[in-house]
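Visitor: Chains as they are written, first to last, in our numbering: chain A, 1 to 542; chain B, 1 to 419.
A couple of the hints might just be wrong.
[Stated by the list, open to error] Pairs of lysine-lysine, BS3-like flavour, derived with a Cα cap of 27 Å:
| # | chain 1 | residue 1 | chain 2 | residue 2 |
| --- | --- | --- | --- | --- |
| 1 | B | K98 | A | K517 |
| 2 | B | K98 | A | K468 |
| 3 | A | K490 | B | K134 |
| 4 | B | K98 | A | K490 |
| 5 | A | K341 | A | K307 |
| 6 | A | K490 | A | K241 |
| 7 | A | K80 | B | K376 |
| 8 | B | K134 | A | K241 |
| 9 | B | K134 | A | K245 |
| 10 | B | K292 | A | K468 |
| 11 | B | K376 | A | K78 |
| 12 | B | K376 | A | K82 |
These aren't lab readings, by the way, just hints derived from the structure by calculation.
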Amino acid sequence: MIASVCKYTPDELFAGFGESCQRINPTALAFDLSDQYTHPNLCSFAKALLQSCLQGGVEELLLTECCDSLRRVGDVLKQKLKFVYLLDLPHDNNGVCAVDLYAGRLLDLIYAYETYSGEKFDIAAFKAALPQAKETISQPYISIMGARINDELYHSIAKMAKLPVKTDTCTGVSKGFTQVPKTEDLQQLMRWYAHALLRQNACLRMENIADRNQIWNDPHLKGVIYHTVKFCDFYGFEYAKIRNKGVPIVKIETEYTPTSDGQIRTRIEAFMEGLTPQKQKSHSIVTGYTAGMDSGSTSTNVVILDKDCQIVSYAIVPTGARSLDGAYRALEQALQKAGLKKEDINRIVSTGYGRISINFADQDVTEITCHAKGVYFLDSSVRTIIDIGGQDSKVIRLDEEGNVTDFVMNDKCAAGTGRFLDMMARTLEMDLGVMSKLGLQWNEEIVISSMCTVFAESEVISLIAQNKEIPDIVHGLNQSVASKIYALVKRVQGVGPYMMTGGVANNKGVVRAIEEKLGQPLLIWQIPDLCGALGAALLAKE
Amino acid sequence: MLGQMIEDRIEDHNPESALAWLKRGYRLNRIKLAVGRRDYLPSQNYLSKICMDAILNPLVHPERSCIVNIFMPGEVLQSFSLYPQFCEAFACYLNGTKCERVFIDWAEANGVPETFCSYHKTLIGAAEAGLLPKPRFIASTTMACDANINTFRRLSEHYDCPLFIIDTPTTYDVEAVSYLADQLRALVDFIAQNLHEKPDLEKLIASIRRANRANALYRQFLETLQTKEYPNNMTLEMYRIIPLQSLLGSRQSTEYFRLSAQDIKQCPDVDRTKTKRILWMHTLPFYQPWLKNFFADGKYNLVLCDLNFVNPLEPLDEAHPYEAIAKKLLTNTFNGRFENRIQAVLQMAQNLEVDGVIQLCHWGCKQSSGGAFLAKNALEENGFPVLVLDGDGIDGRNLNEGQLRTRIEAFKEMLGVAR
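Next up, chain A with everything else stripped away, as it sits in the complex:
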């Protein structure tokens, strides 16, 4: 079996040798082997492919020169596998000369495989292997666009989506051939084949990508889940473009590992919630007490509301190792403060990373929707929410009715989150309360230039060694968080008034730094940690 990875690969050609060429899509549990042969900053899929090939199982590999990462993987594997062929794929997908060139490259491949295998190419067997064109979807659907996606993630998206899912990723469009010529002339046949391959829906490494508009102009398209792979940079560009077209879209980024990431789940679920309009939004149908529980990475927060949506009690407790235990503790504490019993609560909605683990909740809703609900309830003039929690930060855009119109979250990196400040406070040997105040007492402008948390930590250590004043270092760290947040605000084209939520909103230095970046004040509720739980409790009323 010959393995291939790109849609421009002439897979069917190998039927002419009595062989099959299979598209593979490996994920990696670890990158230990690939890191021995190439740099870690290569595209994660390329590394997963390299890892998989080095682990064995693939002996013959056909790659196109589709991108720099795969080109280098080919360079490495040439020394390792029995047969590795790098096909020189033109960028020009419209020109006649490019078709001629690619046809010549296909002939070269045939000759190379004949030499390698000792087999003769059979034109009839090749023609018989060409698949027919498939029908397109003609009902409302969700499209997965962007870079290739691993099979596990595809299936979990398909499960979460309430509509059929179509794959429009760089490898997703399956080939279909019509009007196979009758000719037995190999050169003519390869010219036709090269033409058909190059005229597929263009991926972004191609020169002419105008036909990609068809994807987001399709009337049946209801939303786009835009997938990017770490260190594959082609697709970030298109994402930015589609966002401005008004198509509902959410971006997720993965590293081609099989882990199911909580943040990705939150993004997709929040996106799906946004696609399904809430019914009877303004009419409360649950009377009596309701509770909202926000199970975060650091704390679990509970808010209990009475029938008039007044807060009767709340609790903030550390989540601990098991989110369910933290949830029980938090609820118990809130009930005790209010003098209520669990039976008095008519409905509970959970949110936050641990929302699914809270088995006694009646419903779980993402923190995006809950924060929006909570903030809109507190101040309906707010149009942009900045939420900085323990392990992630989010910026959420609201319309006049409090609906989420857009949101972004930080990537996996901790920079710009509460965890980042936590680590830095530990490095500076102070608690977060002290750090919050010190951030306002700075004199010298210090720039913490490293984006990476680990690098920033070593930068802080070297600033301490240079005897820099601690308030100045803290201010530098606050500025660094503010820059990250500002970039997220820009990405959703945030407008004021702004409200900041999450535990980091208690940090005066960070708040001031963000305000300076925005050039606008931040509205902050008296207990900003509770906005998510408040929103959940309000949703429990509906």
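Based on these hints, arrange chain B on the given structure of chain A.
Guide: Same frame as chain A, now just chain B:
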């Protein structure tokens, strides 16, 4: 100070003022360069001047400028007397002005991936923030990296300005030469049409002749470099890319190589008891103080960067100009298999008898970083110690100084202290 003024104006959404200050600053610098530095050789002072002009001219005369990538053939551009602004050079100058970060942040805030090449992020940010004036056209080859097609397509849309992409095959054969030569013919027509001029083959041939002369002089320089200690630093080595690429075919480029071939003859002979000779692979983070110091104490000489020997220096056939330029592009060591680049570096390391090689894995550059360990293994097998550095040619935030310092110090210890 100038950098801060530019950053402030960009943040205040006043790019016109930022550009005006940038031009003022560069003009002042140009006056300073005309006086020259005492510690520079005539060729180096001349190089500093023509590079400053190469950056300033497209800002002052945007109607005669084009935005291009590093390997867009200078012979064609110079035959039209254009002012090409190439991505990496402009980004370096903005770094030198200490205002690159505002543009990188701008690009990232507008959807450009953080993992994208920082040179390209700087260019995109500078264009979209309004600093870089609209050029006459944009042109790029698809080699040597994936960033080109994304960046230049985006800039073309941003400026609403014509774009020409040269699809460069990775295989060198007759078909590829013909495919590329046809595109180069079309490029000449495209430029002529955009400038409202007629294509002039004579001018192209004249440009090729000047380029051939420059290459012949550079070949002499490299041969002499085997035995002479030509003083160098990271900034000058980065500067040299400009006359070798976008300015190639101009009189200034040829004059620079004439001066450098002349200067090197006056340089002292290599004394291996005093100086270790270092060959550099990939771009140079010239702004990094620790690295600057590494080459400043006279014990370690930056002999050459492999970006400055990407092409064979054989004369181009002026009777077949398009085919000749096509061959030059196809045989560029950054095109195709990484093995081509390794062999070129290995041969140069042997010719120049260097003591070690430093390779920078520039943030976001997969085509180069992806082959770093292949190069390291091949060079070490041939007796050349190699230091692989992770960093960024532009954005200091992607370079951990503490780690860099440790690696450099350890490499020094590996090479042994020059006496």
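Visitor: Confirm or reject each hint.
Guide: Now the hints, each set against the structure:
1. Of the pairs offered as hints, the one joining K98/B and K517/A holds, with about 20 Å between alpha carbons and a cut-off of 27 Å not exceeded.
2. A threshold of 27 Å between alpha carbons decides the hint, and for K98/B with K468/A the separation of about 22 Å falls inside it, so the pair holds.
3. Using a Cα cut-off of 27 Å, the hinted pair K490/A and K134/B holds, with the two alpha carbons roughly 24 Å apart.
4. Proposed proximity of K98/B and K490/A is supported: the alpha carbons are some 23 Å apart, at most 27 Å.
5. At most 27 Å may separate the alpha-carbon atoms for a hinted pair to count; K341/A and K307/A meet this at roughly 16 Å.
6. Our distance criterion of 27 Å between C-alpha atoms is met by K490/A and K241/A, whose separation comes to about 14 Å.
7. Taking the CA atoms of K80/A and K376/B, the gap is about 17 Å. The hint holds against a cut of 27 Å.
8. Taken as a hint, the K134/B and K241/A pair is honoured in the structure, with Cα atoms around 20 Å apart against an allowance of 27 Å.
9. Under the criterion of a C-alpha separation no larger than 27 Å, the hint pairing K134/B with K245/A is consistent with the structure, at around 25 Å.
10. Distance hint between K292/B and K468/A is fulfilled; the C-alpha atoms sit about 24 Å from each other, no more than 27 Å.
11. For the hint linking K376/B to K78/A, the alpha-carbon distance of about 17 Å falls within 27 Å, and the restraint holds.
12. Taken as a hint, the K376/B and K82/A pair is honoured in the structure, with Cα atoms around 24 Å apart against an allowance of 27 Å.
This entry satisfies every hint, going by the numbered hints stated previously.
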